[in-house]
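Enquirer: For reference, the chains in residue letters:
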Amino acid sequence: MDALEIARWQFGITTVYHFMMVPLTIGLGLVVAVIQTMWHRTGKPEYLRMTKFWGKLFLINFIMGVATGIVQEFQFGMAWSEYSRFVGDVFGAPLAMEALLAFFVESTFLGLWIFGWKQLKPGVHLACLWIAVIGSVFSAYFIIVANSWMQHPVGVEMVNGRPVMTDAWAVFTNNTALVAVPHTIFGALAVAGAFLLGIAWYHLWRRRHDGIDTLGANGKVVPGEAAIPGRDSTDHAVWIRSLRIGAVVAMVSFAGTAITGDLQGKLMFEQQPMKMAAAEAACHDGTGFSILSIGNVGSRNCDDIVALIEVPGILSFLAKGDFTTEVKGVNSLIDQYKADYGTNLPDNPIYGERAGQEIQYVPVMEVTYWGFRMMIGFGGLAALAALVALWVTRSGTVPASRGLMRLAVFGILAPFGANAAGWIFTEMGRQPFVVAPNPDSNGIDQVFMFTAAAVSPGVSAGELLTSLVVLTAVYAVLLVVEVKLLVKYIRGGVVAAMPELAHVPADENEDATPNGGGPGKPGDADDVLAFAY
Amino acid sequence: MDLLPTIWFIAIAVLWTGYLFLEGFDLGVGMLMKAFARNNTERRVLLNTIGPVWDGNEVWLLTAGGATFAAFPLWYASLFSALYLPLLLVLVALIFRAVAFEYRGKVDNPRWRARWDWAISLGSLVAAFGIGAALGLTTTGLPLNANGDREGGPFAWFSAYAVLGGLAVVGFSLLHGLAFLALKTDGDVRHRARRWFVRLLPVLLLPIAGWAISLQLLSGEMWTVLAVVAAVVAAVLAWNFARTGAEGRAFLSLGAFLLLGSASIFGAAFPVVLPSTLNPDFNLTISNASSSDYTLGLMSIVALIGLPLVLAYQAWTYWVFRRRVSDAHIPEAHSFLPAIAAKALAPKD
Numbered sequence: 026m027d028a029l030e031i032a033r034w035q036f037g038i039t040t041v042y043h044f045m046m047v048p049l050t051i052g053l054g055l056v057v058a059v060i061q062t063m064w065h066r067t068g069k070p071e072y073l074r075m076t077k078f079w080g081k082l083f084l085i086n087f088i089m090g091v092a093t094g095i096v097q098e099f100q101f102g103m104a105w106s107e108y109s110r111f112v113g114d115v116f117g118a119p120l121a122m123e124a125l126l127a128f129f130v131e132s133t134f135l136g137l138w139i140f141g142w143k144q145l146k147p148g149v150h151l152a153c154l155w156i157a158v159i160g161s162v163f164s165a166y167f168i169i170v171a172n173s174w175m176q177h178p179v180g181v182e183m184v185n186g187r188p189v190m191t192d193a194w195a196v197f198t199n200n201t202a203l204v205a206v207p208h209t210i211f212g213a214l215a216v217a218g219a220f221l222l223g224i225a226w227y228h229l230w231r232r233r234h235d236g237i238d239t240l241g242a243n244g245k246v247v248p249g250e251a252a253i254p255g256r257d258s259t260d261h262a263v264w265i266r267s268l269r270i271g272a273v274v275a276m277v278s279f280a281g282t283a284i285t286g287d288l289q290g291k292l293m294f295e296q297q298p299m300k301m302a303a304a305e306a307a308c309h310d311g312t313g314f315s316i317l318s319i320g321n322v323g324s325r326n327c328d329d330i331v332a333l334i335e336v337p338g339i340l341s342f343l344a345k346g347d348f349t350t351e352v353k354g355v356n357s358l359i360d361q362y363k364a365d366y367g368t369n370l371p372d373n374p375i376y377g378e379r380a381g382q383e384i385q386y387v388p389v390m391e392v393t394y395w396g397f398r399m400m401i402g403f404g405g406l407a408a409l410a411a412l413v414a415l416w417v418t419r420s421g422t423v424p425a426s427r428g429l430m431r432l433a434v435f436g437i438l439a440p441f442g443a444n445a446a447g448w449i450f451t452e453m454g455r456q457p458f459v460v461a462p463n464p465d466s467n468g469i470d471q472v473f474m475f476t477a478a479a480v481s482p483g484v485s486a487g488e489l490l491t492s493l494v495v496l497t498a499v500y501a502v503l504l505v506v507e508v509k510l511l512v513k514y515i516r517g518g519v520v521a522a523m524p525e526l527a528h529v530p531a532d533e534n535e536d537a538t539p540n541g542g543g544p545g546k547p548g549d550a551d552d553v554l555a556f557a558y
Numbered sequence: 008m009d010l011l012p013t014i015w016f017i018a019i020a021v022l023w024t025g026y027l028f029l030e031g032f033d034l035g036v037g038m039l040m041k042a043f044a045r046n047n048t049e050r051r052v053l054l055n056t057i058g059p060v061w062d063g064n065e066v067w068l069l070t071a072g073g074a075t076f077a078a079f080p081l082w083y084a085s086l087f088s089a090l091y092l093p094l095l096l097v098l099v100a101l102i103f104r105a106v107a108f109e110y111r112g113k114v115d116n117p118r119w120r121a122r123w124d125w126a127i128s129l130g131s132l133v134a135a136f137g138i139g140a141a142l143g144l145t146t147t148g149l150p151l152n153a154n155g156d157r158e159g160g161p162f163a164w165f166s167a168y169a170v171l172g173g174l175a176v177v178g179f180s181l182l183h184g185l186a187f188l189a190l191k192t193d194g195d196v197r198h199r200a201r202r203w204f205v206r207l208l209p210v211l212l213l214p215i216a217g218w219a220i221s222l223q224l225l226s227g228e229m230w231t232v233l234a235v236v237a238a239v240v241a242a243v244l245a246w247n248f249a250r251t252g253a254e255g256r257a258f259l260s261l262g263a264f265l266l267l268g269s270a271s272i273f274g275a276a277f278p279v280v281l282p283s284t285l286n287p288d289f290n291l292t293i294s295n296a297s298s299s300d301y302t303l304g305l306m307s308i309v310a311l312i313g314l315p316l317v318l319a320y321q322a323w324t325y326w327v328f329r330r331r332v333s334d335a336h337i338p339e340a341h342s343f344l345p346a347i348a349a350k351a352l353a354p355k356d
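Chains A and B, in that order, give the protein sequences.
Taking the numbering used here, I'd label the letters of the first sequence as residues 26 to 558.
Taking the numbering used here, I'd label the letters of the second sequence as residues 8 to 356.
The set of hints was computed from the structure by calculation and includes no laboratory data.
All values derive from a computational prediction rather than experimental measurement.
Treat each hint with caution, since some may be false.
Label pairs and their calculated CB-CB ranges [as the list claims (entries may be wrong)]:
1) L316(B) x D372(A): 48 to 54 Å
2) E158(B) x N369(A): 24 to 30 Å
3) R431(A) x V210(B): 58 to 64 Å
Think of the CB as a built atom: it goes at the ideal place given N, C-alpha and C, for glycine as much as any other residue.
For reference, chain B alone in the conformation it holds in the complex (with noise of 0.2 Å):
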C-alpha cells in the first residue's frame, strides 16, 4: 500500500505549488525590473512591493528541494545529477539575484544600480526558467539508465519538453508579476500593470497551457483534463475582472489558474515521478524511489504542525505590508554621509 508515498507525492506538488504561487511574481517582478520599469523610482516601487517577501518566498523552493531529498531520495538524486548544468545556471542565477536586491541601493551610483537591476532581471528570467525546464522534465521524462543515472552526457536531457517547461514557467511567472503589480501599487505603474496583464495574459499563458495539455495527451486522466479545462475558465475568469479593474480577483484568479493547471501536470504525471525516456521500467516512481515509511511518517507529523504555521505567519506578513506601494511613498535616495573621511586604515596621517 502506496499510502504515504501517495501523500508525499501530493505534499511535493503542494510545496511546488505554492513555490510558483509565490515565488512566481517576484521572480515576475524580477524580470520586469527592466522591461517595465522605466526610471530609478518606479524600480524602486517595484522592488518594495516584493522586498519584505521575496526571501520567504524562496524557501519554498529550499523545502521542495529538502523534502523531495528527505521523501524521495532517488527521485532527488536523479533529477538534480541528470540536469547538472541548468541547475548550476538557476543557482548562480538565484545568487545574484539575492545579492542584487540586498546591495542595489547600497550605493548611490546609476551605474552600480544598472548592475544590478541587470542582476535582478536576467537572474529572475534565468532562474524561473530553468526550474520550468526541471519540472517540465521530471514529467515528460529523462535518459536514465537502470541506476538512475543520466545517459548520453552533459546535454542529453535537452529536448523540446525542456524549453516548453521553462517557458511555461517565464511566462506565468511575467504574468503573476503584472497582477501582483496591479494589485500592490499605485498610480502610474498600478494602471500600466493591468492594461499589459490584459494584453499579454493569452501570449504568456500559452506555454503553460501547452504543458498541461501535452502531459493529458502522454497520461492524463479524466479528472486531471477536467482541471485542465476548470484552469482554461480561471484564466479567462482573471482575464476578464482584469480588464473591468477587479485587481484582487484578477490575482486570486490567476493563483487557481495555477492550481488547477499543476494538479492537472502533477495528477497526470502520477504515480510516476521520473520517467526514464529509455526504458519505461527504469521509471522512478511513487514506490520504488520513497523513503521507508517511518522516515515519511515522521516527516508528515512535521510537515502537518510546519507547513500551517508557515502559511499562516506569511499571511501575517503580507497583512502587515498590505499597503500599496507608489512613487509619492520612496524616499530620497540616501545620499551616502560618511561620517568620517574615507581615508581611514591610509598608511599616512
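Just chain A, same shape as in the assembly (with noise of 0.2 Å):
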C-alpha cells in the first residue's frame, strides 16, 4: 500500500467508527430529551427512571463521539493537506461554524444537564438537555453541508486553480445537503429505535423469566413485585414503554430514511450518475433494477456481470419517477466522464507514482452494489422487526422465549450496519473523485479533484501507517471498553443509573417531585453531586 491507499483506510475506519457513536448520541438524545419531558409534564415515575437509565447509556456512548470527533477535525490538515489547501476557502467554514454553533452549544449545555440535576430548576434543566440535543442535530447539518459540498459542488468559482466561495447560501442550502440532513437524522432515529426496543425487550423478557411478571387469564400481561431494589412493577412500566417508543420511533425513521432516500437518489443519479450506475451494478443503459446481479461485480468490468434477477421500470422509477425513462449505465457513462474529465491523471508532481496513470471512474461495483442493498435491507429489516415487536407485545409483555429476546438484542446491530453501508456507498461511490465534480451547472464544472492529488505530499507513508496502527488499536480498545461498560449499566437496569433505588425505600412519590427528591430527604442538600463522577 501507498500513502494514498493507507491515508484512505484510516479515513474510512476512522469515519465509520466515530460514524457508529454519533448516530446514537443524535437519536438517543432526542428520545431522552423527549422522555424528560414526558416526565416533567406528568411527573409518573417511569419517565423519572427513563430519563436516567437511557440517559446513562447515552453519556457512555456520548463520550465516544467526543473523543474521536477531534481526529476527524485533525485529520484533513495531517493526513489530507492538498486537499484542505484546495478546498479550504469553502470546506473549513461549515467545520468552523460546527464547532462555533453547535458543538459548543451541546458540549456545554450537556455539562449543565449532567451534573445540573440539582442545582438547575427542573424546567431549565430540561431546557438545558433539549439544547444540547439541538446542537448535535445542528452539528449533524454543518458537518454534512461540508461533505455534500464535496458530493455536489455548488457556490463557488475557480480563482487561481481553487474554488472560492462566491455564494454562501448556495453552499448552505446546497440541494444535496437539505435532503441528506433528515435523511442522516432518520438514521440516527432507527439506530436509537432499535436500540430502546432491544434492551427492553430483554429486561421484559428477563422479569418473565424470573417469575415477576406473569401472564393472566385474559393473556394480559400481570406486572409483579420482587423484593430488590428497582424490580417493583414501575419497573414493567419502564421497559413496556421503552419497548413501544423504541418500536415506533424505529418505524417512522424508517420511513423517514426511505422518503429522504429517494429524494437523494434521484438527486445522485443526475449529480453522479456514475455512482448510482455502480450501485446497480447496471452496465447497460436500461429501466431495470437489479435484485441479484452475478459475476465478478468487483472486477470493474461490466463484460462479467449478469444480471439475474431483474425487475423492469424500477430503475427508472428510482431515478426519475417513471418507469419507461433509460437510464444510462456504467458503459456509456465511462466515455462521457472520459471526454471531460480526461483519460489519464495529469502528469503533475501532486499525483506522484500515479502522474499519467489511466483514470478509473468506475468505483468499486462490489461495494457499491451490495453497499446500497445493505443500507436498505438493515433498515428494512429493523422496520418490519419493529412492527412485529408491537404486535407480538400487545398482551404487555414479551414472550418467554430466549431466542427471540436474543434476536431482538442481535437486531440492535441492524441499524447501526445500515448507516455504516450507507456512508461507505456514498463515499466509495464518489471515487475516484475527492470532490465530485458538478454535471448540471454552467461554469463551475471545472470544480473537482481527484482523490488521488489530495494526500499530504509531505507526509511519509510510514508516518500514516504508523497512525493507522495507532488509531485502529486505540479504538478497538476502547470499543471493547465501550461496549462492556454498556453490557454492565444494560444489565444493572435502573438501579444502575439510580443507585437512590436502593437507599430510599420505595416511596415513589418522593420520586415524583420534579426535583429529584422532596426537601425532607437527610444529606440531599450536601449531596450536590448526584450525578456526577
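Put the complex together from the two separate chains, hints included.
Expert: As C-alpha cells, then:
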C-alpha cells in the first residue's frame, strides 16, 4: 500500500467508527429529551427512571463520539493537506461553524444537564438537554453541508486553480445537503429505536424469566414486584413504554429514511450518475432494477456481470419517478466521464507515482452494489422487526422465548449496519473523485479533485501507517471498553443508573417531585454531585 | 489591504488564548490527579471541579483548529501535516483523557480507577506538551518547501523551540490548575493548592517566559516587548495575591499574564503565521495563506454572533457551578447494585 491507500483506509476506519457513536448520540439524545419532557409534564416515576437509565447509556456513548470527533477535524490537515489547501476557502467554513455554533452548545449544555440535576430548576434543567440535543442536530447539519459540497460543489468560482466561495447561501442550502440531513437524522433515530427496543425486550423477558411478571387468564400481563431494589411494578412500565417508544421510532424513522433516500437517489442520478449506475451494477442503459446480479461485480468490468433477476421499470422509478426513462449504464457513462474529465491523470508531481495513469472512473462495484443493498436491507429489517415487536407485545410483555429475546438484542446492530453501509456506499461511490464534479451547472464544472491528488505530499507512508495502526488499536480497545460498560449498565437495569432507588424505601411519590427528591430527604443538601463523576 | 486577514489573525490568537485560559486549568487539574491528589476522595474532588466544564473547554481547541482551516487553509494544511506524529500523540492523549473522565467512576474497582487516573494524568500532560510544541513551532518555524510541505522526514520538526513551547504550556497549565483548585475547592486541597502555587510559580512560568522573550529577540516590536514586561508584572501580582490568600485575584492575575504573554507572542509573530526555516520566501503569512475576503467576511459575521453567545453561556455554566467542592461533598462511591443477576444472555437457565 502506498500513502494514498493507507490514508484512505485510515479515513474510512476512523469515520465509520466515529459514525457508530454519532447516530446513537443524536437519536438517543432526542429520545431522552422527549422522555424527560414527559416526566416533566406528568411526574410519573417511570419516566424519571427512563430518563436516568437511557441518559446513562447516552453519556457512556456520547463521550466516545466526542473523543473520536477530534480526530476527524485534525486529519484533514494532517493526512489530506492538498485537499485542505484546495477546498479550504469553502470547506473550512462549515467545519468552523460546526464547532462555534453547534458543538460548543452541545458540550456546554450537556455538562449543565449532567451536573445540574440539583442546581438547576427542573424546567431549566430540561431546557439544557433540549438545547444540547438541538446543538447535535445542527452539528450534523454543518458537517453534512461540508460533505455535500464534496458530493456536489456549488456556490464557488475557480480563482487561481482553487474554488473560492462566492455564494454562501448556495453552499448552505445545497440541495444535496437538504435531503442528506433529514436522511441522516432519521438514520440516527433508527439506531436509537432499535437500541430501545432490544434492551427493553431483554428486561421484559428477564422479568418474565425470573417469575416477576406473569400472564393472566385473559392473556394480558400481570406486572409483579420482587423484593429487589428497582424490580417493582414501575419497572415493568419502564420497559414496556421504552419498547413501544423504540418500536414506533424505528418504524417512523425507516419511513423517513425511505422517503428522503428516494429524494437523494433522484438527485444523485443527476449529480453523480456513475455512483448510481455502480450501485445497480447497471452496465447498460436500461430501466430495470437488479435484485441479484452475479459474476465478478468487483472486477469493474461490465462484461463479467450478469443481472440474474431484474425488475423492469424500477430503476427508472428510482431515478426519475416514472417507469420508462432509460437510465444510463456504466458503459456509456465511462465514455462521457473520459470526454469530460480526461482519460489519464495529469503529469503533475502532486499525483506522485500515479501521475499519467489511466483514470478508473467506475467505483468498486462490489462495494457500491452491496453497500446500497445492505443499507436498505438492514434498515427495512429493523423496521419490520419493530412492527412484529409491537404486535407480539400487545399483551403488555414479551414472549418467554429466549431465542426471540436474543434476536431482539442482536437486532440493535441492524441500523448500525445500515448507517455504516450507507456512508461507505456514498463515499466510495464518489471515487475516483474526492470532490465530485458538478455536471449540471454552467461554468463551475471545473471544480473537482481526484482523490489521488488530495493526500499530504510531505507526509510519508510510514507516518500514515503508524497512525493507522495506532488509531485502529486504540479504537478497538475503546470499543471493547465501551461495549462492556454498556452491557454492565444495561444488565444493571434502572437501579444501576439510579442508586438512590436502593437506599430509599420504595416511595415513588418522592421521585414524582420533579426535582429528584423532596426537601425532607436528609443528606440531599450536600449531595450536590448526584449525577457526577 | 489585509484588513480581514488581520482581523482573523487576531481572532485565531484570541481562540488559542481562550483555549489555553480555559482548558489550561483542566489540563493542569488532570496532570495533578496523580502528583497532587493523595487519595480517591481527593481525586474525585479534583475531577468534579472540572467535570461540568472540561468538555466545553475542549471545544475551544476544535474551534481554533476549524477557524484556522476556514480562515487560513494553507496555514492549517502545512502546520497539521508537518506535525503529523506529534499531533497523532495529542489526539491519542485527548481521546484517552476524555474517555477516562467519563468511565473512571463507572466501575467501583481501585485497579480500574488507577488505570483511568493514569490516562487522565498522562493524557493531560502529553496533550498540553504537544499543543504547546505546535504553537511554539508555528511562531518559530518549520522546514517547509515552496508548496508548504515539510522537508526532512517525520522528525524534522524537532527543535529546541518545540521543547520550549511544550514545556511552556505544560508549566502554565499546571500553575493554572493549581490556581483553579485553590479557587474551586475547600479544606486541605484548597490550602495545599495555594501553597504549591506560591512555591512553584517561578519555575512553572519560566518556559513560557523563555518562549515570549526569544520571540521578542526574533521579531519583537516595542508594544510586544512592553506586553512581556506587563505579563511579568501580572505574574508577580498573581504570586503576591496567592501568598496573601486572595485566590480569585491570583487566578485573574494569572489570566492577565496569559493574555499579555499570548499578545506578545502572536504580536511578535505577526504578520507571519508559519515561518519556513528553509527560506523566508516560503513563509506563510496572513496575506498568502488566507481565504478569500468573501469567506473571511462570512466567518466574521458568524464569529460576531457566535463568540459572544459562547462566552455568555459558558460564563453562566461557571456561575451555576460556582460552589467550592470539598471532601464533604463527595458522595460514597456507588456500590453497583445490579437488579439482575449478571448471567443475562448466558446460554443456560
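Enquirer: Hints first: check each against the structure and report whether it holds.
Expert: How the hints compare with the structure:
| no. | hint | result |
| --- | --- | --- |
| 1 | L316(B) x D372(A): 48 to 54 Å | holds, 50 Å |
| 2 | E158(B) x N369(A): 24 to 30 Å | holds, 29 Å |
| 3 | R431(A) x V210(B): 58 to 64 Å | holds, 60 Å |
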